[in-house]
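Using the sequences and the accompanying hints, generate a full structural model.
Protein chains in written order, with the working numbering: chain A, 1 to 136; chain B, 1 to 136; chain C, 1 to 136.
No wet-lab data here; the hints were simulated from the structure. The structure displayed is predicted, hence computed values, not measured ones. Any given hint could be a false lead.
Derived DSSO-like pairs (lysine-lysine); straight-line CA-CA distance at most 30 Å [claimed, not checked]:
no.	chain 1	residue 1	chain 2	residue 2
1	C	K69	A	K69
2	A	K16	A	K60
3	B	K31	B	K126
4	A	K2	A	K31
5	B	K69	B	K126
6	B	K69	B	K27
7	A	K60	C	K60
8	B	K69	A	K69
9	C	K2	B	K2
10	C	K105	B	K2
11	A	K31	A	K105
12	B	K31	A	K60
13	B	K69	A	K60
14	B	K60	A	K2
Across the chosen pairs, the derived CB separations fall in these ranges [unchecked claim]:
no.	chain 1	residue 1	chain 2	residue 2	range
15	B	R125	A	G82	47 to 53 Å
16	A	G58	B	Y7	27 to 33 Å
17	C	G82	B	E11	34 to 40 Å
18	C	R14	B	A35	35 to 41 Å
19	C	E55	B	K13	45 to 51 Å
20	B	A30	C	G58	45 to 51 Å
The beta carbon of each residue, even a glycine, is placed where N, CA and C say it ideally should be.
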Amino acid sequence: MKSATEYLWFETKRRKELVNITEALQKIVAKSGVAEGLCLASAMHITAGIWVNDEEPGLKEDLQDWLEKLAPAGDYRHHATGEDNGDAHLKRTLLGHQAVLPVTKGRLDLGPWEQIFYAEFDGQRKKRVVVKVLGE
Amino acid sequence: MKSATEYLWFETKRRKELVNITEALQKIVAKSGVAEGLCLASAMHITAGIWVNDEEPGLKEDLQDWLEKLAPAGDYRHHATGEDNGDAHLKRTLLGHQAVLPVTKGRLDLGPWEQIFYAEFDGQRKKRVVVKVLGE
Amino acid sequence: MKSATEYLWFETKRRKELVNITEALQKIVAKSGVAEGLCLASAMHITAGIWVNDEEPGLKEDLQDWLEKLAPAGDYRHHATGEDNGDAHLKRTLLGHQAVLPVTKGRLDLGPWEQIFYAEFDGQRKKRVVVKVLGE
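Next comes the structure, spelled out in structure tokens:
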């Protein structure tokens, strides 16, 4: 059995941003030597998530609009702590904060259009994604 | 350590459909020979998801109504590409596109009412779910 | 390869409740002897979920308000069965029903503020979470 653990660091220029991490994950899988297994990618900060969908600019804007509509910036009880990112916690919840990706023959076993994105909702500071590969 | 990979194919008659795949997954687990481990089921097309809930017709209609309310069919920027399925991408996002199921004593270790569904939001064409079993 | 399976039981006093299970999971991981691997925590009842976010009282209230807004209690077709918990099925769907947690050096490999919660939406009766640890 083999395992590998790596951390991807992000410091986005904008507060909200989608960063395609598919190639970064493929490299971690290749380096791990795992041929058959699972690869977990999980956002370690609670105002960021992981999205598995299409690298299409219009859709990415649609997603941001939709998240803003369902989990809008605004007043939250959480802001009594001095934070102003209540919406970012809810956006992470709505989108999901992790993905488990199958590894087959040493590669991420993705559908034809599946791309993996780090979804930042409160950026402009250093944040991490943990990547854990497990298999043989 | 053992692993198994299989692909379930779907071509639903309707555009939106919930297909119960619990027994199909149980068979893949049994065939894999894995007694203790994890089973990932992940929709490989970005307009479909996986739902773990109740095989109850009323609830399944409730789910579809609710998804339509929160991620309605309509105009999306994505449609500038010629597609008309922007809502299906968002419905997949809302529902979730995968489940990781525990395998115990050679069977999916599910709660009393847990059933696993392939959730199609843009069907009437061939699409796949990847199933990866990992364990011992 | 090592694996461990345990079940956490809950019987919440209120119908809706968030129960922090981070330490309970850490203990299961420690007992399993797994140093590098994955830990699945999955709500076995279809009206409960798992949330990975902040142990902050205001945010926890924000979450409940938000879930109530997007998946409100009310009339559902599911209630024709005699149940009155249609909203709880949708809240589980919105929040997500499981988390896969990385295990590194024998501990859950969490971000600085990540805590794991059992999210009950139809409590006051006995319900379970399955925990499966897999690794080496």
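Cross-check of the supplied hints:
Restraint check for K69(C) and K69(A): satisfied, since their Cα atoms lie roughly 12 Å apart, inside the 30 Å limit. At roughly 11 Å between alpha-carbon atoms, K16(A) and K60(A) fall within 30 Å of each other, so this suggested pair holds. For the suggested pair K31(B) and K126(B), the alpha carbons sit about 24 Å apart, so the restraint of at most 30 Å is met. Using a Cα cut-off of 30 Å, the hinted pair K2(A) and K31(A) holds, with the two alpha carbons roughly 11 Å apart.
Using a Cα cut-off of 30 Å, the hinted pair K69(B) and K126(B) holds, with the two alpha carbons roughly 26 Å apart. Proximity of K69(B) to K27(B) is assessed by CA-CA distance (about 35 Å); at most 30 Å being required, the pair is judged violated. Taking the CA atoms of K60(A) and K60(C), the gap is about 28 Å. The hint holds against a cut of 30 Å. Pair hint K69(B) plus K69(A) holds up; C-alpha atoms about 12 Å apart against a cutoff of 30 Å.
Distance check on the hinted pair: K2(C) and K2(B) sit about 12 Å apart at the alpha-carbon level, within 30 Å; holds. For a cut-off of 30 Å, the pair hint linking K105(C) to K2(B) stands: about 23 Å separates their Cα positions. Using a Cα cut-off of 30 Å, the hinted pair K31(A) and K105(A) holds, with the two alpha carbons roughly 13 Å apart. Restraint check: the Cα-Cα separation between K31(B) and K60(A) comes to about 40 Å, which exceeds 30 Å; the hinted pair is violated.
Under the criterion of a C-alpha separation no larger than 30 Å, the hint pairing K69(B) with K60(A) is consistent with the structure, at around 20 Å. Of the supplied pair hints, the one linking K60(B) and K2(A) is violated, its CA atoms being roughly 41 Å apart against a limit of 30 Å. Roughly 51 Å separates the CB atoms of R125(B) and G82(A), a value that falls within the hinted 47 to 53 Å. At about 29 Å, the CB distance of G58(A) to Y7(B) agrees with the hint of 27 to 33 Å.
For the hinted restraint 34 to 40 Å between G82(C) and E11(B), the CB-CB distance of approximately 36 Å keeps it satisfied. Between R14(C) and A35(B) the Cβ separation comes to about 38 Å, which falls inside the hinted range of 35 to 41 Å. E55(C) and K13(B) have their C-beta atoms about 47 Å apart, which keeps the hinted 45 to 51 Å range intact. Checking the proposed 45 to 51 Å range against A30(B) and G58(C) shows it holds: the Cβ atoms sit about 48 Å from each other.
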